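Line order of the protein sequences matches chains A and B.
Be aware that the first sequence starts at 1, since it is given in the working numbering, and climbs by one per residue.
Be aware that the second sequence starts at 1001, since it is given in the working numbering, and climbs by one per residue.
One should not assume that every hint holds.
[Unchecked claim] Keeping only pairs whose Cα atoms sit at most 25 Å apart, straight-line, the calculated DMTMM-like set for lysine to aspartate or glutamate is:
id	chain 1	residue 1	chain 2	residue 2
1	A	Lys-243	A	Glu-182
2	A	Lys-243	A	Asp-266
3	B	Lys-1115	A	Glu-53
4	B	Lys-1115	A	Asp-15
5	A	Lys-104	B	Glu-1078
6	A	Lys-133	B	Glu-1078
7	B	Lys-1115	B	Glu-1181
8	A	Lys-103	B	Glu-1181
9	A	Lys-111	A	Glu-175
Simulated from the structure, these hints should not be mistaken for lab results.
Just so we're clear, the structure is a prediction, and the values are computed from it rather than from any experiment.
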Amino acid sequence: MADIVIDRVSKHFGDFHALQEVSLNVGDGEFVALLGPSGCGKTTLLRIIAGLETQSSGRIVIGGRDVSALSPRERGLAMVFQNYAVFPHMTVFENVAFGLRMKKVPDAEVKRQVERAAALLHIEPYLDRYPAKLSGGQRQRVAVARALAVQPAVLLMDEPLSNLDALLRLEMRTELKAVLREAGTTTIYVTHDQTEAMGLADRIAVMYGGKIDQIDTPLSVYAAPTTRFVGGFIGNPPMNFIKVKAESGTVRIGPVSFVAPAGGLDLDLGLRGEDAHLSGDGSGLPFDVRVVEPMGSHLLLTGSIEGQAARIVAPPTATVRAGERVGLTVDPSRLTWIDTSTGRALARPQDSTR
Amino acid sequence: MTSVTATPIVKPSGISVPGARRLLLWTGIIAVLAWVLLPIYFVALGAFGGRLGVFRWPKSIWPSDLSAASMLQFLNIEGVFGALMNSFIAAGFTVLFSVLLGAPAGYALARYSFKGQTAFRLLVLLTRAFPLAILALPLTVSFIRLGLYDTAFGVSLIHTVLALPFAVLVTQSLFMGIPREYEEAAWVFGCTRFQAFLRVVMPLALPGLAATAIFAFVISWNEVFAASILTVRERTLTAYLLKVLSESPLHYRFAGGFILIIPSVLFIFAVRRYLFAVWGIASK
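Pulled out of the complex, with its shape left as it was, chain B reads as follows (with noise of 0.2 Å):
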């Protein structure tokens, strides 16, 4: 190890680390990483270590029979496929809106000053303090009455609603760190406002909005609540399993359980690059 360009958590490359301390920098980098990894090890191997594997103790950190047989047979259970499918189709919509709606809310807030603004900001916030339980009758009443009931777009619809008071407020403070001249600049330059936000103020703000669609995917993946009450046959995964698993063997939660955490972990893997800084600009 010559130096600690080979994570890419670790800041600035090239940094030469004295012994001791480059000693407790990576049993850092190790514990950190073993909080995160071991979990979704654990559950990998439960997942894929066959019906046995998981009942034995003491556990072997290594898999022993490996086998994709209960994951199979998780998948083919009735419903687990198109379960996915409804959460793949919840959550690409609801980091659609999430994005389509909260950027121009945030972007709103960030350059213009209009009568309101203080109160509009606290209302944003305030939709994530009124219970959901409370609206779940009319909710279903007025699903049903607009034919969105038992459907993964109206769920992703509740989904947005959740995500859109954080896309709005990450993407505020997004904007507000882009400093206003770069589009006047482009203006000056020929631009239309249109295309100044496409050709500078988009390229600056990619970070903090990929951020914002990770944030949005995470959200309507893991909720339930809605999910259940919104949806009879047209479960999303989530609420699928909640229901199913509870009645399954011990092998097929762990099959569940990692069919639930590798979309989040490939999502925010595809998009990392765009969470660190990329032109000198943070992230915030």
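Isolated chain A (complex conformation) (with noise of 0.2 Å):
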């Protein structure tokens, strides 16, 4: 059990800077997500934390011991791949054992090991088979199991089940958590996958760009995103923006207006689609509607409020047909506002509607 402290890590590939100076703290036994579009860095942060990638400057820091210039076999952790990794030419049980063989540990103890993770994640069957005769969910279990049965500190996952197809992704995730919690062990897991980092984490660092944009609880990310990008990377649909401007510490928007928050004059107004609801008598926010794509377990609306493209999410109930203007109701409480030039949220101002 260890926690981890990464500061201030930076990397560069000649000119290009695929992390700028990233700090985050994850704490003995907790699960952190990292999320982001391809290309923000979150693997390369993963791989340095593994040394198999050296950073430019900045320290790693794994249960107060100074990793930064170890080597990956000398920082006590373990790593599941994307692609699995698993040895093609070691049997399941070999492959299991793999990182207490290497530790010298006695063959008694191997064996209760592997076994133990083996149970763990019901690959008990497929301990004599090579991973050629594995389906591809079974080899990602090995490889989980391989990482839990050296009990490690640090548990590093780089996209795990992105290689599943959608229904086994689904159940191994339920399963990792079950494991993850019964293991206690601190973990990183690298997703570009919102639903993943949203049902696994504990708490998520959403980065963008080389930077962590916001780093906290599932909810929290979803319902108060600190940046622009957050909002619109996070949930489906995303958060819708709508252009407005401040006047006197008002902002109207058709017939409804609210106060303003302080600093900024070009706002950005973000509304989670389910934040919305229909008014019933027209009142409120005017919505036109343009298509509707009923979801089951929801009406899925897309139109335009104010002339600026918008998504709300509709009762599977109600009865709102294309072409329609509809007024919706929202509670000041749950909007986000972005400064437009800065793209960062400002807080929310205290009291509500006027």
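Grab the two chains, each in its own frame, and use the hints to assemble them into the complex.
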């Protein structure tokens, strides 16, 4: 068990800055997801933590020990790779035992540990087989078992589920969460899939352009994004942004006015699709419905507010037709205000509608 | 014949092939086998058929008076046994050096990007374009100075130069075919770079390394020119036979030819297991 301190880590490849002074603290036993689009530096950061890549500057401290200059094997961690990297010339047993064998653990203990890890991931029936005879999902289980068998202080996972099909991914996700909770291992998990990050992580670090934009619990990241990027990246449909202007402390959209936040005149109003409710009598924000998509659990309405595109989630029972104009009521305390010039969120004003 | 598993050349076992196509398949197999085996068989026939057998016409397919006499006589010719040993020494060192030098170079080319990589790759090949004949005199002189002249070891050095380009390029594509993640996983789970190479990369690369070794062996075994100019008494078998056999009776030539063929065949047979895909990774 160990905590991880990432202290102003930078990485450039020539002129390209993959990471710019990234700092992050991961508590003992915590599960942190690094979430971001491809090319945001999340995998590079993970590989630097693992020691597979060398940082240009900055420090990595694991369990109070500065490991910045150590080789991967000296860092006391385990890793699960995107394409499993299960050794094809070893049986499943030897794969899971690999880390223990390298530590020169006695045979009886190896057997015990391997069987424990195998039981955890339900791969006991395959222990004698070669990986070529296993399906993708089974191989992924072997890779996770191999990582857990060494009882690592820190577990790093690089998009471990991205090569699995959708159904298997969902199943493995649930199982991973249960297994890792039981193991209590400090985990850093890289993914570009927000549902994975939301479902698994204690905290999510949203990365963009080589920086961490926001690090917070899944619910806070979702409800109160600190940058325009985070709001637009997380959530399905993503957060709607409506360009507005603040005039003498007030923002007007159609017949509705809101208290403007302090600082900034050009604002983006961030509105989650499910935070808007159909008012019934047509009062509130005017929303011109263009397309109605029944999704089963909800209706997805695509249209515009004041000529600006927006997506709204309505209850499945709502009777809305394309081409109609409906009114939306919103709770001001659930709105996000972004300063257009900086792209950063402004503090919500204290009192509500005027 | 219920299946095609009888021959190792045919790929997967248990495939049922319909009648006409099966006939075609077997015809093909027999043709290929005949192409390879018949000449070897006739050489063997000449080598063991005795003095008269060589000149008999029409040739009989079956050996009539089988005897190892001419073979033994041949081996008893002065210098043949020594030349055979020299050939083995030269080929052995060639295999050793080309794998030990070629594999690391191939690994470096496959795993690291460095300045002059393409130039290096081209240069490696260019050594083959350089005519050995021009080098003959300077080589002889410097070998005499170094004390390498007229030794099998000296010959093996030149043979290594000839085999190395292939060793480098073959092992390069071989290592490129082994995903980097295997090594990274090994590092993370407690291996040093060298241990990771021994425990993970080597076993996976074995088929290709075996192919490289065979190639080096055959190149050295068959090479005549360098072996002829760099030795006087300590000839390799090929060089020795070239000199001796032109003045020998026909059945000796067959015996010599047979002895030249056998080691290559045996060597390939010994490492054939590694030439086929063993762990589901095809050897390139």
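Now the hints, each set against the structure:
| no. | hint | result |
| --- | --- | --- |
| 1 | A/Lys-243 - A/Glu-182 | violated, 46 Å |
| 2 | A/Lys-243 - A/Asp-266 | holds, 7 Å |
| 3 | B/Lys-1115 - A/Glu-53 | holds, 20 Å |
| 4 | B/Lys-1115 - A/Asp-15 | holds, 18 Å |
| 5 | A/Lys-104 - B/Glu-1078 | violated, 57 Å |
| 6 | A/Lys-133 - B/Glu-1078 | violated, 57 Å |
| 7 | B/Lys-1115 - B/Glu-1181 | holds, 24 Å |
| 8 | A/Lys-103 - B/Glu-1181 | holds, 20 Å |
| 9 | A/Lys-111 - A/Glu-175 | holds, 23 Å |
Against the hints set out earlier in the document, violations occur for numbers 1, 5, 6.
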